[in-house]
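Top to bottom, those sequences are chains A and B. Here this note's numbering is used: the first residue of the first sequence is 1, the next is one more, and so on. Here this note's numbering is used: the first residue of the second sequence is 1, the next is one more, and so on.
Derived by calculation from the structure, the hints in this document are not laboratory data. Be aware that a few hints might be false.
[Said to hold, decoys possible] Below are the EDC-like pairs computed for lysine to aspartate or glutamate, each with C-alpha atoms no more than 20 Å apart in a straight line:
no. : chain 1 : residue 1 : chain 2 : residue 2
1   : A       : Lys-65    : A       : Glu-117
2   : B       : Lys-75    : A       : Glu-117
3   : B       : Lys-15    : A       : Asp-116
4   : A       : Lys-127   : B       : Glu-45
5   : B       : Lys-75    : A       : Asp-109
6   : A       : Lys-22    : A       : Asp-92
7   : B       : Lys-75    : A       : Glu-134
8   : B       : Lys-75    : B       : Glu-18
9   : A       : Lys-127   : B       : Glu-12
10  : A       : Lys-119   : B       : Asp-68
[What the hints assert, rightly or not] The following residues of chain A were derived to be distant from chain B, with all beta-carbon distances above 10 Å:
no. : residue
11  : Ser-24
12  : Gly-30
13  : Glu-53
14  : Gln-120
15  : Thr-138
Positions of the beta carbon are idealized from the N, C-alpha and C atoms, including for glycine.
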Amino acid sequence: MNDAVRIQQQDFSQDEEVAALKASSKRIGGIATFIGCARDFSEGRNVSEISFEAYGSMALAEMRKLREEAIAKFGLLDARIVHRVTTVRAGDNIVFIAAGAEHRAAAFDACRWLIDELKQRVPIWKKEITPQGESWVTPHP
Amino acid sequence: MIRVLFFGPVAERMKLREMEIVFQAGMRLQDVVSQLQASHPEAFEIVCFTAVNDTQVRDTQQPLADNDEIAFMAKFSGG
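All chains should be built: construct the whole structure from the sequences, respecting the hints.
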């Protein structure tokens, strides 16, 4: 099975990721997932494509740290984080987070925490390609 | 040598992704920051994070070692 934390060009399968998470422990009673996907409209403009760039080694190290921190902080049984670094079009998947815990509250909280922290701490940048030109995205809260 | 990396919006403003700086004994991160800030002020306007060897560094007085890798980065926008 693939690593629990990955940066990759290709799309991911939510089913495969959840199956891998479930296979890690039979004590899991709740799994929360988040999928970030590409929108066709942003800041009042149509968006044709979004192109991602990462500082690969640091991004992967930081994502692994995030997973370990989430497991410790929320008492998770397992967690998975996958981020694509490529060019995507509207509707395409960008990022996947899954948090598995004994009960739902920890899974929900950890999933939200993981995506929020990822946005703050992982060195990945996105550029929106629009009919009017290209521009790097200023982070949203 | 010190390897200096730029990504995304910073790379665009630098008009390059990577450069090398000759290492000198006693060199600190601030020496590299000052040198590049002076030569590329428009790129350093948007630098929010600095990393040395994959680890974010806030103290620019950090001493450097030969073969260190420094990255100057704009605010992240992944996810």
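The hints, checked one at a time:
Restraint check for A/Lys-65 and A/Glu-117: the C-alpha separation of about 11 Å stays at or below 20 Å, so the hint holds. At roughly 13 Å between alpha-carbon atoms, B/Lys-75 and A/Glu-117 fall within 20 Å of each other, so this suggested pair holds. For the proposed pair B/Lys-15 and A/Asp-116, the alpha carbon gap of about 31 Å is over 20 Å, so the pair is violated. Taken as a hint, the A/Lys-127 and B/Glu-45 pair is honoured in the structure, with Cα atoms around 18 Å apart against an allowance of 20 Å.
For the hint linking B/Lys-75 to A/Asp-109, the alpha-carbon distance of about 25 Å lies beyond 20 Å, and the restraint is violated. A C-alpha spacing of about 25 Å is found between A/Lys-22 and A/Asp-92, which places the hinted pair above 20 Å, so the restraint is violated. Taking the CA atoms of B/Lys-75 and A/Glu-134, the gap is about 17 Å. The hint holds against a cut of 20 Å. A distance of roughly 19 Å separates the Cα atoms of B/Lys-75 and B/Glu-18; the hinted pair therefore holds under the 20 Å criterion.
Between A/Lys-127 and B/Glu-12, the direct Cα distance comes to roughly 11 Å. Compliance with the 20 Å bound is thereby established for this hinted pair. Among the hinted pairs, A/Lys-119 with B/Asp-68 is inconsistent with the structure: their alpha-carbon atoms are about 26 Å apart, more than 20 Å. No beta-carbon of chain B is positioned within 10 Å of the beta-carbon of A/Ser-24; the least distance is around 24 Å. With a cut of 10 Å on Cβ distances, A/Gly-30 stays outside the contact zone with chain B, its closest approach being about 22 Å.
With 10 Å as the threshold on Cβ separation, the claim that A/Glu-53 sits away from chain B is violated: the shortest Cβ distance comes to roughly 5 Å. With a least CB separation of 7 Å from chain B, A/Gln-120 falls inside the 10 Å interface cut-off, contrary to its annotation. With a least CB separation of 7 Å from chain B, A/Thr-138 falls inside the 10 Å interface cut-off, contrary to its annotation.
Going through the hint list in order, the structure does not satisfy hints 3, 5, 6, 10, 13, 14 and 15.
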